[in-house]
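Engineer: If you want the building blocks of each chain, they are given just below.
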Amino acid sequence: MSNPGTEPLLKIDDLHVSVGGQQVLRGLTLAVNAGEVHAIMGPNGSGKSTLAHVLAGRPGYQITRGSVRYQGSDLLALPPEERARAGVFLGFQYPVEIPGVNNAYLLKTALNAQRRQRDLPDIDAFDFLALVRERMKLMQIDESFLARGVNEGFSGGEKKRNEILQMLILEPRLALLDETDSGLDIDALKVVARGVNSLRSPERAIVLVTHYQRLLDHIVPDQVHVLVRGRMVRSGDRSLALELEKRGYDWVLEQAVA
Amino acid sequence: MTLRERALQELQRQPMRSAGMVAQTAQLLDQHGLPQPRDEYWRNANLRAFEQVTQFLPPAHSSAVTSLPAPLPGFQRLVFVDGRRAAQLSDAAALQLLADPAAWPAPADDQGYRDDQRFALLNALFGSDGAQLQLRQDAAVELLFIASGAAGSSYPRLAVQLADGVQARLVERHLGAPAAGGFICTQTRVELQRNARLDHYRLQDCDASALWMDTLFARLDAHAHYDVRLLGVGAATARCSAEVVLSGAQAELTWRSMAALDARQVGDTLLRVRHEAPGTRTSQLFRGIAVGQARIGFDADVRVSAAAAGTRVSQSLRGLIEGAESGINLRPRLTIHTDDIQASHGATTGQLDENLLFYLLSRGLDVATARALLKWAFLGDVLSAIEIPELRREAERAAAGHLSDQLLDGALS
Ligand SMILES: Nc1ncnc2c1ncn2[C@@H]1O[C@H](COP(=O)(O)OP(=O)(O)OP(=O)(O)O)[C@@H](O)[C@H]1O
Ligand SMILES: [Mg+2]
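So the protein sequences, as listed, match chains A and B.
Positions 459 to 716 (this note's numbering) are the ones given, in order, by the first sequence.
Positions 224 to 636 (this note's numbering) are the ones given, in order, by the second sequence.
Since the hints were derived computationally from the structure, they do not count as laboratory data.
Among the clues, some could well be false.
Covered stretches of chain A, going by a simulated chain B footprint (3 or more residues, C-beta under 8 Å) [what the hints assert, rightly or not]:
1. 532 to 540
2. 549 to 559
3. 568 to 574
4. 601 to 608
We put the CB at the ideal spot given by N, CA and C, even for glycine.
Construct the complete structure from the given sequences, taking the supplied hints into account.
Structural biologist: Set out below in C-alpha cells:
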C-alpha cells in the first residue's frame, strides 16, 4: 500500500467502461477523501449505477481504460467479496430478493466474513442479536424481518431500509448508495438519512447517487457531481444540487459542450 | 437373457412360501413384462443398471447392522434389515402393530401392479416380509429399511391403511451400511379412508453403489389428505414410480420432493396422479440439483377425469444444473376431461442466478458459501417442509454431502 495517508480513500482516473458492447463510462475521474460525503446526480442512463457496480466488482463490465485506487491499492484487481471485506459497500438501486435465505443468517455471515478478514473471532450469537436489534430499531425495521427471506416480499421502501441496515451492521469504509432514497416515503427518507448520518466519521466516505436534492437536505454532502454520458461534467457544493433541481440538466449539458 | 427371464429363473430357487401367490405374480409379470428404456416414462431412468444385479434373491443371512440413526422423539421405531424385520432393533410396542407377513395380499391389477408400477411385481415375487400397518388410531411410526451389505437384493415393503379420520405420521428411511450396494426394490401401498391424514416422510440415502427401485401406490377416499415429502440423495441409480388415485371427493395430495445428486448418480421420478372425484386437489413441488455428471428426471403425469369437476392442480418443478456435464429433465403433463378445473404449472431448469450470487459476494461472502447458500435456498421449499427438526437436520446433512457444501445451519428462512 503506497502512502494511504496522503492519497484519497477512493481515486478514480479516466475510467472507461463498456457493457453489452456499449461504452457507458468515458473518462470518469473522481477523488473522494476519507470523512467526505459526495453526491452524484445525472440523467437516467448516464452511467451512475454502472459506476457503482464497477466499483463493487460486478462481473460483465469491460474496463477498457483508466484506474481505480482504494486505500492506496488497485481496487479493480480484487474480486467482489474481497472488496466488500476491505470495506466497500454497495447499497443496490434494485436489491434482489433471495427467497429462502434467512435475513439474519446473511447479516451474520457477512459480518463474520469481515471479522475474519481482520483476524477477529466470529461474533457471539448473543452480541450479534443485541447489535442487530439496536440497528433495526434505528432503521425502524420490525424484528420479524430477521426470520424472513432476504428482501423476500419486502416493499420497495423496506428493501432500501434493509440495505441501510446491512450497511450499519457491516460499517464499511466506503459506502456507495445507489438511489437509496428512491421509493421512500417522507418518514422513511428521514430514517434512512439518520442511518447514513450515523455512519459519518473521519475514516469513512459516502458516495450517494440520487435524483433528488431533498435527500441532501438530510445528508449534507461535501461535494456534488453531475455525471452525463459517462463523464463528470460539473462539480460543486450543495448549491449545485439546488440549481439542478430548479433548472434541470440541460444547462449543464450546454455548458459542458461549450 | 432379459431381466424378466433372469428374475424368474432365480425364482425357481426361491423356497416357496405360497406357491399360488408366486404363480399369480409370475403370471402378471409374464403378461406385462418389465419397463423398457423406450417406454414413455422410463427414458430418464437408468435401466442399464440392472445388468449389474448379480443376485435377485435376498441374502441368505444379513450382516450385522452396527449403527442406526438416533431415534426420532415421539415415534415408534420399526427396523427392517435387508427387507426382513429386525425385532431386537425395533420397539416392542411397534412390533405389535405389524400384521403377519403371510397376510400380505396377492398382487392384483387394480392395485397398481401394471403400467409403470410393474417393478412392484419383483418385490411381490421375492419379498417375504414387510410393514403392514392398519391404523385405527393416531400414530407416529418410524421405519428404517437398512441394507446390511450382505450379497443379495432386498425388497422393503410397506402397506399402510388409515381408518376413517385417523391421522398418522410416518417416517420411512432407506439406508445402507457403507458399501452396501445391490438392488433394493421397494413397494409401498397407502390406503386412506375418509378424512384420514397421512404425513409421509421418505428419505432415500442408500449407499452410493445401490440401485433403488421404488414403487408407491396410494388411494385416497373422500376428504383424505396425503402429504408426501420425499428426499432422494443416495444410490447410484434411483427411480421412484408413484401413482396416487384421488378416488373420493375433496381428497388431496401434497407432494414435495427433492433430489440432490452428484458424481454419476441418476435419479428420476414418475408421479402419476389420477383425479377421479369432484373437488380433488394436488399440489406438486419438485426441486432437483444435479452436480458433476449427475442426471435427474421428474415426470408429472396428472389425469383429471370427467367426474372430477372442481379439481385444483398446481405444479412447480425446478431444476438447478451445477455441472457442465449434468442434466435435468422435467416434464409436467396434464390431461383434462372436465372444464371445471384450476391448474397452474411451471417447470424451469437453469443455473444459479448470477445477480443473486453477486449480491451475496458484495456482502463479503466467499464464493463457496454464497453458492451453497443459494443452493440451500433452492431446496428450501422442500427442506423447510420437514416439520420434524431432527429429521430435517439429517436430511440437510445428507444433502450437503452431495452438494460438496458445508452444512449451513440456520441458513433457511
Ligand atoms: N448489461 C447491459 N447491457 C447493455 N447496456 C447496458 C447494460 N447495463 C447498463 N447498460 C446501459 O448503460 C447505460 C447506463 O446505465 P446505468 O444503469 O449505469 O444508468 P444510471 O445512470 O444508473 O440510470 P438511472 O438513473 O436510470 O438509474 C444505459 O444506457 C444502460 O442501458
Ligand atoms: Mg441507476
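Engineer: Hint by hint, which ones does this structure get wrong, listed from lowest number up?
Structural biologist: No numbers; nothing is violated.
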